[in-house]
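Student: Single-letter residue listing:
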Amino acid sequence: MRAVLTVVGKDKTGIIAKVSTFLAERKVNILDISQTILEDYFAMIMLVDVGGASVSLSVLADECAEMGKNIGMSIHVQHEEIFNAMHNV
Amino acid sequence: MFNTNEVLETIDMIEREHLDIRTVTMGVSLLPCIAGSAEKTAQNVYDTICKRAENIVNVTRELSREYGIPIVNKRISVTPAAVICAPFADKAPLIGKALDNAAKEVGVDFLGGYSALVHKGMADYEKTFILSIPEVLAGTERLCSSVNIGSSKSGINMDAVKLMGEVVKATAERTAGAGGFGCAKLVVFCNAVEDNPFMAGAFHGIGESGTVINVGVSGPGVVQHAIESIPNADLSDLAEMIKRTAFKITRAGQLIAREAAKRLNAEFGIVDLSLAPTPARGDSVAAILEEMGLGSVGTHGTTACLAMLNDAVKKGGVMASSRVGGLSGAFIPVSEDIGMIEAAERGSLNIDKLEAMTAVCSVGLDMIAVPGDTPASTISAIIADEAAIGMINNKTTAVRVIPAPGKKVGDEVNFGGLLGRAPVMPVHGESAEKFINRGGLIPAPIHSNKN
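Sequence lines, in order, name chains A and B. Here the working numbering is used: position 87 in the first sequence is 87, and no number is missing along the way. Here the working numbering is used: position 237 in the second sequence is 237, and no number is missing along the way.
In isolation and in its complexed conformation, chain A is listed as follows:
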């Protein structure tokens, strides 16, 4: 199962390092990363595979949201299908 992880917030050092370490600890495999800076804002989108993860998608979503709060970023993890459904005809 694949999910989309988004990180949005004010740019600072070490965001990718923190997020990818956090994911590695939970055996979440990163498939693709795209990252942009919109004005001062950092926006990163990761496509991840949670098939082999040590936690369920819903738990991962909650933990990532919590971790985001700790580092002052807004982090969402959502099943990829929501984006496919809404943006593809």
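Hints are computed from structural coordinates only; laboratory data are not their basis. Please note that a few of the clues may not be correct.
As the list claims (entries may be wrong) - The following residues of chain B were derived to be distant from chain A, with all beta-carbon distances above 12 angstroms:
1. Asn55
2. Ile351
3. Asp352
Unchecked claim - One side of the interface only, derived from the structure: several residues of chain B facing chain A at Cβ under 10 angstroms:
4. Ile11
5. Ile14
6. Glu15
7. Glu17
8. Leu255
9. Ile256
10. Met319
11. Ala320
C-beta: ideal position from N, C-alpha, C; glycine also.
Given the coordinates of chain A, assemble chain B onto it according to the supplied hints.
Tutor: Frame of chain A, contents of chain B only:
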């Protein structure tokens, strides 16, 4: 890989523009519950609902976390109870109690289907059932009731219309301590649909399968934001933008509906794409109409704006899913929409204008408080007018008015939560009693003869 803007747009819709799945509603057939006695039937009803819907709360919570989209309400609709109670209509309140208890047990916020379909004629057992509605709504918490009194195919049952005026009044009086709150759980329909997931008018039609998941999606804030983003667009472009937005919202709903149905061992029924407002700012249909260029909802031009909005929403929804159903369109409940409340307070929105609006949008006169001394015959006449609009235009119309006991024009009734607050609006003082007392059937319109 995903387009960054599309991903961020989705997150913005959810975080800032109130996009949500307004309701996941499980339709449950109660036909197999009918037994030899009211007591046994009530037990079967309770057991069936508790079994079928035992996981609805957990499953929707899990889906909400996985897909990152809020699911606001979990609800149940059941076979019209008048059918279940037919052999023992005098004991219908027992079934009402069982339904309410089951709703509490499984943790849903409302259960709809304390309903009767009497659009062409009313049997004695149906009349007995309908007369139990005030007592049952006063004595239960989560149970909702609806009565269908007309259809484009059959005409309008004016005997039922007369009765419902009295039932609405009696319901208000039975729940006078709560501002007539019982009436917020009672809808009078013309052309009621069998797969509506929204309350208070949801019931599970006789033509439906055993267990079905219907989902209601909402997002007035998303549509308003989309319109804001093109402030100088002409109306064709605006309609296009609304259509595209409705498409995306419907797709989100369909995804959740399919997944919920799978996990709950039910059939996927329909997605109802309705712009259902809440009293929260930024979640208002009135605000969409005002964003289109009206000084206040209710002024001249309102009907045209609403017609365009409603049609564009339907077109986007139909493109997104081949299982669009329910009421799909824009809702205009007064108490549940901060823009409507404010327009009513400043006098730019009245019942006559709302009635005109219902000719071009989804449903009807919804959550409108009227003076407590409004005669039952006037309420019946309001119902008849609304039903006539539905019958002639081949659309669903409904009346959910609250004759707030002891209140007069200028007062306010506060129901709290999603039901909001309603300024008491004036009704015409001239009597319609003679018309209502005539009874009989308004014959089906000429265009019903299509066979």
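Student: Hint by hint, say whether it matches the structure.
Tutor: Taking the hints in turn, this is what the structure says about them:
The beta carbon of Asn55(B) sits about 15 angstroms from the closest Cβ of chain A, which is more than 12 angstroms, so the claim that it is off the interface holds. Separation of Ile351(B) from chain A is adequate, the least Cβ-Cβ distance of about 38 angstroms exceeding the 12 angstroms criterion. For Asp352(B), the non-interface assignment is confirmed: its Cβ lies about 39 angstroms from the closest Cβ of chain A, beyond the 12 angstroms cut-off. Interface hint at Ile11(B): satisfied, since its Cβ lies 6 angstroms from the closest Cβ of chain A, which is below the 10 angstroms cut-off.
Of the supplied interface hints, the one on Ile14(B) holds, with its beta-carbon coming within about 9 angstroms of a beta-carbon of chain A, less than 10 angstroms. A hinted interface residue such as Glu15(B) counts as satisfied when its beta carbon comes closer than 10 angstroms to some beta carbon of chain A; here the least separation is about 8 angstroms, so the hint holds. For Glu17(B), the interface hint is violated, since its Cβ never comes within 10 angstroms of a Cβ in chain A; the closest pair sits about 13 angstroms apart. Evaluation of the Leu255(B) hint against chain A yields a held restraint, the C-beta minimum of about 4 angstroms falling below 10 angstroms.
Interface hint status for Ile256(B): upheld, as the beta-carbon distance to the closest one in chain A is roughly 9 angstroms, under 10 angstroms. With a cut of 10 angstroms, the hint placing Met319(B) at the interface with chain A holds, because the nearest CB-to-CB distance is about 8 angstroms. At about 9 angstroms, the closest approach between the beta carbon of Ala320(B) and any beta carbon in chain A falls short of 10 angstroms, and the interface hint on this residue holds.
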